[in-house]
Amino acid sequence: MSTPPEPTTPPASTAVNEHGYPDATPVADMTPEHQVAYWKHHARKHEAAAKSAPDAAELERLRAAEEELAQRKAAEMSDAERVQAEKAAAEAAAATAKAEADAAKREALILKVAFDKGLTPAQADRLQGSTKEELEADADELLKLFGTAGGNQGGFGSAPRSGGPRGSEVGATSTVSAGEERYRAKHGK
Numbered sequence: 000m001s002t003p004p005e006p007t008t009p010p011a012s013t014a015v016n017e018h019g020y021p022d023a024t025p026v027a028d029m030t031p032e033h034q035v036a037y038w039k040h041h042a043r044k045h046e047a048a049a050k051s052a053p054d055a056a057e058l059e060r061l062r063a064a065e066e067e068l069a070q071r072k073a074a075e076m077s078d079a080e081r082v083q084a085e086k087a088a089a090e091a092a093a094a095t096a097k098a099e100a101d102a103a104k105r106e107a108l109i110l111k112v113a114f115d116k117g118l119t120p121a122q123a124d125r126l127q128g129s130t131k132e133e134l135e136a137d138a139d140e141l142l143k144l145f146g147t148a149g150g151n152q153g154g155f156g157s158a159p160r161s162g163g164p165r166g167s168e169v170g171a172t173s174t175v176s177a178g179e180e181r182y183r184a185k186h187g188k
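Oh and the sequence shown: position 68 is 67 in numbering that gives the first Met the number 0, straight run, nothing missing.
Everything labelled a hint here was simulated from the structure, so no lab data went into it.
A quick note: this is a predicted structure, and the numbers were derived from the prediction, not measured.
Misleading hints may appear alongside valid ones.
With a straight-line cut-off of 25 Å between C-alpha atoms, the simulated DMTMM-like cross-links for lysine to aspartate or glutamate are [as the list claims (entries may be wrong)]:
no.	residue 1	residue 2
1	K111	D139
2	K116	E132
3	K39	E59
4	K143	D124
Use the sequences and the hints to build the structure in full.
This is how it looks when you write it as structure tokens:
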């Protein structure tokens, strides 16, 4: 039967720093008193960092100072510099708007082709191409490989409904007597 190993204690020659724990000793090897001092020191350090962060009022003051500085810089600019800065800002805004418009046009084109070809939304997400012809060719290729949901054409959600057809999917009943006949045929009454 073996006895449990005794906890190791740091040698008496280990120097303790100004915070009350030895620097070169792992926390697990420190005495309980040194561990307490170690954790107290680190807790105080983190607490001081948290207290030094600016509060909401200080942030608002800094934002106001930044805005005032921007206004002063703008006032100090010459007319040519100001026009140049406004031109650069307008060009950047125009480039962003053009990119967004192009993306919206492409998305609309993809949706139109997908609807016309009877693709599911998942299939529409996979369409590749930049022109209508390229998108239609890719849609045809997808249809050859995977087909449409339920095998029928008709756009998004063209799969048969669970519970059977309803609404416009049911054959048109022109009169009450035709509906009555269908009921009798179905229920035998």
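Checked hints:
1. K111 to D139: OK: K111 and D139 at ~14 Å, within 25 Å.
2. K116 to E132: holds (12 Å)
3. K39 to E59: violated (33 Å)
4. K143 to D124: Holds. K143 to D124 sits at ~17 Å (cutoff 25 Å).
The structure fails to meet hint 3 from the earlier list, while all remaining hints are met.
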